[in-house]
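Undergrad: Read off the chains here:
Protein chains: 2
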Amino acid sequence: MGLVVSLDEGKKKGSAKIEPLVELVSADMNRVNELILSKAGSDVAMIPEVANHLISSGGKRLRPMLTLSAARLCGYRGDGHVKLAASVEFMHTATLLHDDVVDESELRRGKLAARMLWGNQASVLVGDFLLGQAFRMMVEVGSLDALDVLSTAAAVIAEGEVMQLSAAKHMSTTEDEYLAVIRAKTAALFSAAAEVGPIIAGLGRAERAAFRSYGTNLGLAFQLIDDALDYGGSSAELGKKVGDDFREGKITLPVVLAYRRGSESERAFWQRALERGEIGEGDLEKAIGLLRSHHAIEDTVERARHFGSVSRDALAPLPESPHKDALLEVVDFCIERAY
Amino acid sequence: MGLVVSLDEGKKKGSAKIEPLVELVSADMNRVNELILSKAGSDVAMIPEVANHLISSGGKRLRPMLTLSAARLCGYRGDGHVKLAASVEFMHTATLLHDDVVDESELRRGKLAARMLWGNQASVLVGDFLLGQAFRMMVEVGSLDALDVLSTAAAVIAEGEVMQLSAAKHMSTTEDEYLAVIRAKTAALFSAAAEVGPIIAGLGRAERAAFRSYGTNLGLAFQLIDDALDYGGSSAELGKKVGDDFREGKITLPVVLAYRRGSESERAFWQRALERGEIGEGDLEKAIGLLRSHHAIEDTVERARHFGSVSRDALAPLPESPHKDALLEVVDFCIERAY
Chain A
14 MGLVVSLDEG KKKGSAKIEP LVELVSADMN RVNELILSKA GSDVAMIPEV
64 ANHLISSGGK RLRPMLTLSA ARLCGYRGDG HVKLAASVEF MHTATLLHDD
114 VVDESELRRG KLAARMLWGN QASVLVGDFL LGQAFRMMVE VGSLDALDVL
164 STAAAVIAEG EVMQLSAAKH MSTTEDEYLA VIRAKTAALF SAAAEVGPII
214 AGLGRAERAA FRSYGTNLGL AFQLIDDALD YGGSSAELGK KVGDDFREGK
264 ITLPVVLAYR RGSESERAFW QRALERGEIG EGDLEKAIGL LRSHHAIEDT
314 VERARHFGSV SRDALAPLPE SPHKDALLEV VDFCIERAY
Chain B
14 MGLVVSLDEG KKKGSAKIEP LVELVSADMN RVNELILSKA GSDVAMIPEV
64 ANHLISSGGK RLRPMLTLSA ARLCGYRGDG HVKLAASVEF MHTATLLHDD
114 VVDESELRRG KLAARMLWGN QASVLVGDFL LGQAFRMMVE VGSLDALDVL
164 STAAAVIAEG EVMQLSAAKH MSTTEDEYLA VIRAKTAALF SAAAEVGPII
214 AGLGRAERAA FRSYGTNLGL AFQLIDDALD YGGSSAELGK KVGDDFREGK
264 ITLPVVLAYR RGSESERAFW QRALERGEIG EGDLEKAIGL LRSHHAIEDT
314 VERARHFGSV SRDALAPLPE SPHKDALLEV VDFCIERAY
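Just so you know, the protein sequences line up as chains A and B, in that order. Take the first sequence: its position 181, counted from the start at 1, is 194 in the numbering used here, and no numbers get skipped. Take the second sequence: its position 161, counted from the start at 1, is 174 in the numbering used here, and no numbers get skipped.
It is worth saying that the hints were derived from the structure and are not from the lab. Some hints here could point you the wrong way.
Same chains, same names: a pair is fine if it fits in one copy or spans any two.
In silico SDA-like links for lysine to any residue, alpha-carbon gap of 20 Å or less [what the hints assert, rightly or not]:
id: 1; residue 1: 124; residue 2: 329
id: 2; residue 1: 263; residue 2: 294
id: 3; residue 1: 182; residue 2: 59
id: 4; residue 1: 182; residue 2: 161
id: 5; residue 1: 182; residue 2: 118
id: 6; residue 1: 182; residue 2: 56
id: 7; residue 1: 263; residue 2: 131
id: 8; residue 1: 337; residue 2: 216
id: 9; residue 1: 299; residue 2: 187
id: 10; residue 1: 263; residue 2: 307
id: 11; residue 1: 337; residue 2: 153
id: 12; residue 1: 263; residue 2: 308
id: 13; residue 1: 337; residue 2: 283
id: 14; residue 1: 182; residue 2: 130
id: 15; residue 1: 182; residue 2: 58
Note that the structure is predicted; figures quoted are calculated from it, not measured.
Only chain A is shown next, with the shape it has when bound in the complex:
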């Protein structure tokens, strides 16, 4: 079930790659991975079991790569970026563990969610443990500015999740309200992951702002594409079932657009399905049909493309380098996932 969206002229489908970034940071990333395994360790056997289940299930580790690459691009020569990158990944992993409990998800990255194997309790507590370990690593690095940025992100992410919880069942959610949610729950960590690069390299206001903006807008684009894929990818690619958001009554941008553009009877359908959770046979297919007829998925991808442009322009003033090229290409890679 692929998406039907028009490609930018002259742009080949899937031409952007993440591999250049992966290769540039691979030596550093090996150290991050070692650190992650070591800091997820505990004499309490359940902690490494739960943590490694998620850690080894192979996300792309995009967020820590942003930290590593941003630090190198800014000329950093020390070791602290490895710890900060591992902290960023732990914050992300903790969020996933807590999200699965909140969303009552059954799958995560194509495997059973940790809560299905060890229970909600372990997911809550191991998430707390990883968050604590993340802060310990940040403290070891000793940069109060980096600590400020990352601890602020931690609070903002939780705030965004609560915002989503409050908005979750309201079809009246506007596009702006939805953007405020994903700005907090997704983009804040991308932003912080990128900004700690220039911070640890000792650079100033302009570079911090550039990386902050790069990360924020990349995060927005990333989340919007995720939302689009939820109504159009395949389970194998996504690591979650198509229609998860629909079944969980999540109001994402595709739905916001289709609802606002729809007829009275279509709005009644969305209210029944997402506000009241009355979902029957064929409703997912009907939802996808409505999304298509209103170009809601295409336009969600278009919005993502907009934020992608802002993200790329944020890095534009920086001197040319392989890291810069790789970070720019990752923006396109995230967006082209939707094709």
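Based on the hints, put chain B in the right spot on chain A.
TA: Here is chain B on its own, set in the frame of chain A:
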């Protein structure tokens, strides 16, 4: 249902008070309370609702008082102790929110647990938010040593909770194993709350070690008395139902002692009730009867008294002062709660 324990000779029932400590720190505590209300604020309405439900339900705020008093006792004259004290209370509140989800508790401090009113989801996420805000306040204070101590405590607390989860259904838990759990889940925060006092006052190794030891042992005593009260207080005093630990299958020290001292048939009773969760009419009364016949509650209080002594001796070398007297009296106050 009172406890029958022998009182120390010459010691009047309930003679130790928390009021001297409360009065000494009251001006600082007002500022902590203001800060708590302000930092629990958010444009996302559910966050202050949930947070204030718990914050306003009036725990004694013992942990932040330790921070305030320790800092003053160490001659600190600045403002940072107020932020650190608020951070400590937020860490504690976050833990309570997550604990209620993990334990499936219905009551907390005599009121409905937040999860009963707003759901598990909000409890997980608002806990995460408060933890993030706690770290932001610590970062504002700018002491890397204080950050180190508190972030380590955050990880250790979560580790202790997981340890408890793993041990929760094993009657074979030894006293030492149980102590390892409460050392992590309860005593670590008392310890950190006290230790950041000398840290922020710029004192050295000896004072830090003294307050760390004071806090750790006070925390152990506090938790053991809590465990004893769960089988012997009244619901109104406790803010939770008598027998909560029993119904949740929690293995606490009174039970560890009664099990090890019991007959084969008594052990079979404990295994049925706590390991298999088969609890019927009259089982709580039977459990309390067994605890009494083996002096398990008295001896739990005796163990608490032991840690109380260690706690008081840890502060002994410090110069005399009203703060020192108040901190010493709080140790006895915590233990005398059991009478």
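Undergrad: Are the hints correct? Go through all of them and say.
TA: Hints, verified against the model:
In the homo-oligomer, the alpha carbons of residue 124 and residue 329 never lie at most 20 Å apart, since the shortest distance is 39 Å inside one protomer and 55 Å across protomers. Within a single copy, residue 263 and residue 294 get their C-alpha atoms as close as 18 Å, which meets the 20 Å cut-off; across copies the closest is 44 Å, which misses it. In the homo-oligomer, the alpha carbons of residue 182 and residue 59 lie at most 20 Å apart only across protomers (14 Å), although the nearest pairing inside one protomer, at 35 Å, exceeds that limit. Within a single copy, residue 182 and residue 161 get their C-alpha atoms no closer than 33 Å, and across copies no closer than 40 Å, so neither meets the 20 Å cut-off.
When the C-alpha separation of residue 182 and residue 118 is checked against a cutoff of 20 Å, the pair qualifies only within one copy, where the shortest distance is 17 Å, while the shortest distance between copies is 26 Å. Proximity of residue 182 to residue 56 under the C-alpha cut-off of 20 Å is restricted to the inter-copy arrangement: shortest distance 18 Å between copies versus 42 Å within a copy. Taking the shortest Cα distances, residue 263 and residue 131 sit within 20 Å of each other only across copies (18 Å), while inside one copy they are farther apart (25 Å). Taking CA atoms no more than 20 Å apart as the test, residue 337 paired with residue 216 passes inside one copy only; the shortest distance there is 16 Å, against 46 Å between copies.
Within a single copy, residue 299 and residue 187 get their C-alpha atoms no closer than 22 Å, and across copies no closer than 58 Å, so neither meets the 20 Å cut-off. Taking the shortest Cα distances, residue 263 and residue 307 sit within 20 Å of each other inside one copy (19 Å), while across copies they are farther apart (55 Å). With identical chains, the CA atoms of residue 337 and residue 153 are never at most 20 Å apart, being 28 Å at best within one copy and 32 Å at best between copies. In this assembly of identical chains, the alpha carbons of residue 263 and residue 308 lie at most 20 Å apart only when taken from the same copy (19 Å versus 55 Å across copies).
When the C-alpha separation of residue 337 and residue 283 is checked against a cutoff of 20 Å, the pair qualifies neither within a copy, at 43 Å, nor between copies, at 64 Å. Proximity of residue 182 to residue 130 under the C-alpha cut-off of 20 Å is restricted to the inter-copy arrangement: shortest distance 17 Å between copies versus 28 Å within a copy. In this homomeric assembly, residue 182 and residue 58 come within 20 Å of each other (Cα to Cα) only across copies, at 15 Å, whereas the closest approach inside a single copy is 38 Å.
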